[in-house]
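Asker: Those protein sequence lines, which keep their order, are chains A and B.
When the letters of the first sequence are read in order and numbered with this note's numbering, they come out as residues 1099 to 1311.
When the letters of the second sequence are read in order and numbered with this note's numbering, they come out as residues 1099 to 1311.
Just so you know, these hints were derived from the structure itself, not from any lab.
Be aware that a few hints might be false.
The list that follows gives simulated cross-link-like pairs (lysine-lysine, BS3-like), each with its CA atoms no further than 27 Å apart [said to hold, decoys possible]: (1) A/Lys1218 with B/Lys1102; (2) B/Lys1215 with A/Lys1218; (3) A/Lys1215 with B/Lys1122.
Have a look at the derived ranges for each label pair, beta carbon to beta carbon [as the list claims (entries may be wrong)]: (4) A/Pro1181 with B/Asp1187: 36 to 46 Å; (5) A/Ala1139 with B/Glu1283: 19 to 29 Å; (6) A/Asp1143 with B/Val1100: 19 to 29 Å.
Partner residues aside, some chain B positions facing chain A, computed with beta carbon under 8 Å [unchecked claim]: (7) Gly1161; (8) Gly1165; (9) Thr1177; (10) Val1189; (11) Leu1192; (12) Arg1195; (13) Thr1252.
All residues carry an ideal CB built from backbone N, CA and C; glycine is no exception.
There are 2 protein chains.
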Amino acid sequence: MVLKLYDYWRSSASYRLRIALEMKGVAYESIEVDLHPDVRAHQSDAYRRLNPQMRVPAIEVDGEVIGQSMAIMEWIDETWPEPSLFPADSVARLKARAFANTIACDVHPLNNPSVLKILKDDFGANKAALSGWYADWITRGFAALEAQTPALETPFLFGDEPTIAEICLVPQVYNARRFEVDLSEFPRLVTVDAACQNHAAFQAASPEAVKPA
Amino acid sequence: MVLKLYDYWRSSASYRLRIALEMKGVAYESIEVDLHPDVRAHQSDAYRRLNPQMRVPAIEVDGEVIGQSMAIMEWIDETWPEPSLFPADSVARLKARAFANTIACDVHPLNNPSVLKILKDDFGANKAALSGWYADWITRGFAALEAQTPALETPFLFGDEPTIAEICLVPQVYNARRFEVDLSEFPRLVTVDAACQNHAAFQAASPEAVKPA
């Protein structure tokens, strides 16, 4: 049975799972949940019944829809172990997960459209204030990650192949560029992103590659 | 060698790791990083050098300090496998991680003190607005979790023992109560929290149990 992925081309958490599935060579059916502000399909009653969290991505397993990209990533790796999304060494695996979670827990949640909407509607944030907020969380997170990233001796952060760290980094860099966040202070992160742009799985999973016509 | 945990009694992400370590019966040395607004030890130069993310919890492994509670939780489980912090069944494991990540990614990051400070300083949020924001993210997250939680047939969410799901739930319920968030709509979550309050690991790890004299 083909895996069903509730997906949106521009959702960076969905983008993570598309990369993971492409790295594994796992075929999946993408079911579009249109997050565009004029559509908000994730807030429809139909989608709420499927996924009370009203977010993407989500997958269907045993007839149930389950969300949370980082949990799904672990399940993907357990279900299709090769190639692993994690370094082989225990401490490297800890570092890769910590790198990924700095993005998934400390950056991405703050810049979710639902947060920006509340800032605008309830806190009177104008466009400049929203851009400042958006850039600030990326800059804080990336500054910590850049400081923790050693000079690269391999093409990717943890060796010759990308791991969960790059799977979370690349969609966040995509968001940063989309919102014109200055990345000049993060040369190592930019170098890793560039290496990923030449990797077939990252290419096939990119927003531009999967954007509906 | 005893594991060093950079810890703060009231940090709910630190509380998660204390529970995990108590469940495993792993002795650890708690190194206090005082997050109190009058102290802000996490923002000191000394701590920044150790952990550029300037957050707790963090652990010291092989002479390096590494943060991110959810990454550390996976490392703890890999390093001391028994008793597991995860359900044995693959789909249950996915659900437990998804439950935990709903808190770790969708609730907790929005209510971090660093976020509240920006809302106050840069967006002019008064006390009522901050309380509303705080309660709103907990309520959204808990509403989704309550809707996804079946009628309990076991003492805990995934069987006879707590898992990563309860390890994330209980500290978030603690925060909710501390900020007087109404939990009356979440009877299943409250029942699970009550079961955990009778569990020795949760008791030993609680803020009150570890609060400095």
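Asker: Minimum Cβ distance from B/Thr1177 to chain A below 8 Å?
Answerer: Holds. Min distance 7 Å.
Asker: Are B/Gly1165 and chain A close enough, Cβ to Cβ, to be under 8 Å, as the hint says?
Answerer: Hint holds; B/Gly1165 Cβ to chain A Cβ min 6 Å, cut 8 Å.
Asker: For the pair supplied as a hint, B/Lys1215 and A/Lys1218, is the alpha-carbon distance within the 27 Å limit?
Answerer: holds, 17 Å
Asker: Between the beta carbons of A/Pro1181 and B/Asp1187, is the distance compatible with 36 to 46 Å?
Answerer: Because 25 Å falls outside the window, the suggested range is violated.
Asker: Go through the hint on B/Val1189 and say holds or violated, using the shortest Cβ distance to chain A against 8 Å.
Answerer: With a closest approach of 6 Å, the B/Val1189 hint holds.
Asker: Checking hints one by one. Is B/Gly1161 an interface residue toward chain A, by the C-beta closer than 8 Å rule?
Answerer: Interface hint status for B/Gly1161: violated (11 Å vs cutoff 8 Å).
Asker: Are the Cα positions of A/Lys1215 and B/Lys1122 separated by 27 Å at most?
Answerer: The hint is violated at about 42 Å.
Asker: Against the 27 Å threshold, does the CA-CA distance of A/Lys1218 and B/Lys1102 hold or violate the hint?
Answerer: Violated: A/Lys1218 and B/Lys1102 sit about 42 Å apart, past 27 Å.
Asker: May I ask you to test the interface hint for B/Arg1195 with respect to chain A, counting a Cβ-Cβ separation under 8 Å as satisfied?
Answerer: Nearest chain A Cβ about 4 Å off; hint holds.
Asker: Interface hint check: B/Leu1192, Cβ to nearest Cβ on chain A, cutoff 8 Å. Holds or violated?
Answerer: holds, 4 Å
Asker: Does B/Thr1252 hold up as a contact with chain A if the rule is Cβ-Cβ below 8 Å?
Answerer: violated, 18 Å
Asker: At the C-beta level, are A/Asp1143 and B/Val1100 separated by a distance inside 19 to 29 Å?
Answerer: Since the Cβ atoms of A/Asp1143 and B/Val1100 sit about 53 Å apart, the hinted range of 19 to 29 Å is violated.
The structure fails hints 1, 3, 4, 6, 7, 13 (numbered hints given earlier, in ascending order).
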